[in-house]
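Here is how the chains run, residue by residue.
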Amino acid sequence: MSRTLYDKLWDAHVVRDLGDGQALIYIDRHLVHEVSSPQAFAALRAKSLPLRRADTHFAVADHAIPTLREGGVIEDPMAAAQIAELEDNAHAFAVPYAAPDSAGQGIVHVIGPETGFTLPGTTIVCGDSHTTTHGAFGALAFGIGASECGTVMAAQVLRQTKAKTMRVTFTGALPRGVYAKDMALALIAQIGANGAAGHSVELAGEAVRALDMAGRMTLCNMMIEAGSRVGLIAPDAVTFAYVKGRKGAPQGADWDAALAYWRTLSSNDDAVFDREVVLDISTLTPRVSWGTSPDENCGIDEAVPDNAPSLAYMGLTGGQAIAGTPISHVFIGSCTNGRIEDLRAAAAVLKGRQVADGVTALIVPGSTATRALAEAEGLEAIFLAAGCQWRQAGCSMCVAMNNDRLGPGDRCASTSNRNFEGRQGKGGRTHLVSPAMAAAAAVTGHLCDVRELMA
Amino acid sequence: MSNPPFTNFASIAAPLPDDNIDTDIIFPARFLLITAKHGLGDYAFYDRRHGPDGARDPGHVLNQARFDTARVLVTGANFGCGSSREQAVWALAGLGIRAIIAPSFGEIFAGNALRNGVLPIVQPATIMAEMLRLAGEGAIFSVDLSAETLSVDGLPQVQFSIAAEAKAALLNGWDETDQIIHNFAADIAAFEQQQRATMPWLYRGNATQ
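One line per chain: the protein sequences are F and L, in this order. Using the numbering used here, read the first sequence as starting at 1 and increasing by one per residue. Using the numbering used here, read the second sequence as starting at 1 and increasing by one per residue.
Hint data in this document are derived by calculation from the structure and do not stem from the laboratory.
On the chain F side, residues computed to face chain L include the following (Cβ under 8 Å): (1) ASP20; (2) GLN22; (3) GLN39; (4) ALA43; (5) PHE58; (6) ILE144; (7) GLY145; (8) ALA197; (9) ARG229; (10) LYS426.
Each residue gets a CB set at the ideal place from its N, CA and C atoms; glycine is no exception.
From just these sequences and the hints, can you work out the full model?
Next up, the structure:
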């Protein structure tokens with residue numbers, strides 16, 4: 001029987017077929033953060049239900065936590081209370097927890113992979129839409145609401161409707177100065193912000209195989225911006241080399257058994273997908289979003305459309321070249337582009353250069369471990385010498401519920417995932433780009449083609 | 001927690017014609033610091049309903065007295081896309097919204113809606129322009145969940161579809177967690193026994209710390 005990777009992951013987790021395309025799906029892993037968990041823990045308490053398997057959860061504060069918190073002090077009383085509530089709940093229900101000042105703290109979608117909590121072949125959920133990230137490991141990973149977080153805590157299963165399948169095959173090799181982020185944006189521009197709705201998206205092809213795990217995570221992370229809850233990449237030698245030896249990775253005989261199983265996790269050659277998309281990236285240019293939906297993006301060498309409703313909010317004129325647009329802020333970080341590979345790409349552009357006058361550049365590592373690694377590699381020194389701000393780990397200016405926000409009219413070159421109206425702060429204007437492109441904008445003070453700054 | 005059973009109702013509908021209204025627009029992130037589920041209606045569409053000076057914008061449809069009693073939203077494609085924040089649904093429920101009609105929905109949002117007694121109704125884009133117009137004119141929208149019909153004054157009655165299980169849960173006010181534990185505890189235990197035997201590495205405790 002010929003099956004896709006999605007079919008295999010689904011079948012391996014069916015607890016009960018409910019008919020009508022629905023099944024009860026077993027959940028192996030649940031990432032817990034401070035925003036979508038309080039109501040779930042409250043539901044457990046109200047029902048006097050125990051948490052079924054505490055060791056399958058991992059809790060950390062990332063959304064509300066400030067990225068300036070010397071001495072662990074959280075000044076905003078509401079954020080402090082929300083994080084204290086997470087800590088109380090984790091202790092009360094014996095859920096493993098990384099405290100804000102611990103080496104294990106970071107964005108859920110960065111520390112899951114870093115610690116080996118994220119494993120191929122597992123089901124992973126989180127009350128966060130960017131849970132798609134973990135699909136880069138060949139895990140069935142999807143975002144859920146707070147009510148479902150409570151269901152997972154109590155029952156370890158979710159009622160799910162099986163998605164249709166879509167395969168996106170990226171052909172060609174990435175040109176210099178073009179990255180996984182650009183592949184994601186180009187795909188979303190092609191199929192639309194709702195283009196993959198109802199589908200699990202398997203990302204395949206030579207260009208995906210050539211990506212490191214950080215690039216694969218960036219690509220899967222952005223699939224929710226095409227409307228899909230599930231992005232998938234078949235695990236391969238790159239995946240296994242990344243996972244091996246991490247704290248949560250199987251050891252010894254477990255590793256051998258797991259590896260044998262993981263090697264079966266790919267779509268059969270004759271598997272049929274409900275939809276196929278092919279995208280040649282050999283002539284792809286760096287992408288930049290110009291509107292308020294992630295599909296509103298173009299090549300840096302292109303002009304914005306003549307008539308688009310979002311141009312007014314964005315303060316752009318129809319038909320203008322996107323390059324040359326002055327920016328006031330740069331944000332490098334987030335679950336999309338806050339990994340060490342992303343920081344290295346930004347540092348390569350910023351090394352020996354200065355952030356332009358009038359530009360505020362925030363560099364926010366995706367995890368405390370990533371921050372330590374960047375400091376050990378000398379990246380922090382490059383960022384500080386360039387005039388960037390070097391912050392502590394968190395979601396920061398991607399989500400605008402902590403202290404890092406744009407003000408009205410501010411314009412930001414951002415490595416995050418959403419250019420929604422107000423996403424980075426009320427009235428703020430977001431241009432989604434790769435880390436290298438964000439660094440280039442920081443240096444020149446306007447949106448520009450990073451390839452012109454590359455030796 | 002369980003919801004009140006979903007009953008048929010008739011109401012005026014507020015038109016919000018934009019496509020891609022995301023959950024950041026429905027519930028701006030800074031209000032996510034609030035950990036309560038109830039009392040969030042005032043924050044729904046906050047930045048669209050308030051000007052830069054914080055004053056309520058009388059031009060916004062949800063600030064107009066004639067739509068105060070609307071229990072239906074009629075809106076554009078991909079409504080509720082973006083973040084999984086269930087606060088978007090809690091805020092709409094807090095406004096009294098019980099059904100949302102759109103050509104398509106963000107999937108996580110649609111699931112969250114059903115779990116909170118709010119019915120997402122998909123209708124073809126071809127009919128949506130007319131529904132938006134009629135909503136703006138104050139037409140009465142009547143929702144019959146049992147029959148899966150939507151009646152709008154001035155239009156022929158239309159059907160909508162909903163998964164059988166979701167429909168039963170709405171009509172009975174069932175809570176999903178309670179239902180699963182009540183009906184499937186043995187299945188879950190059996191699955192765990194089988195998985196523990198074949199994939200023991202998933203049962204070695206949490207080694208990530």
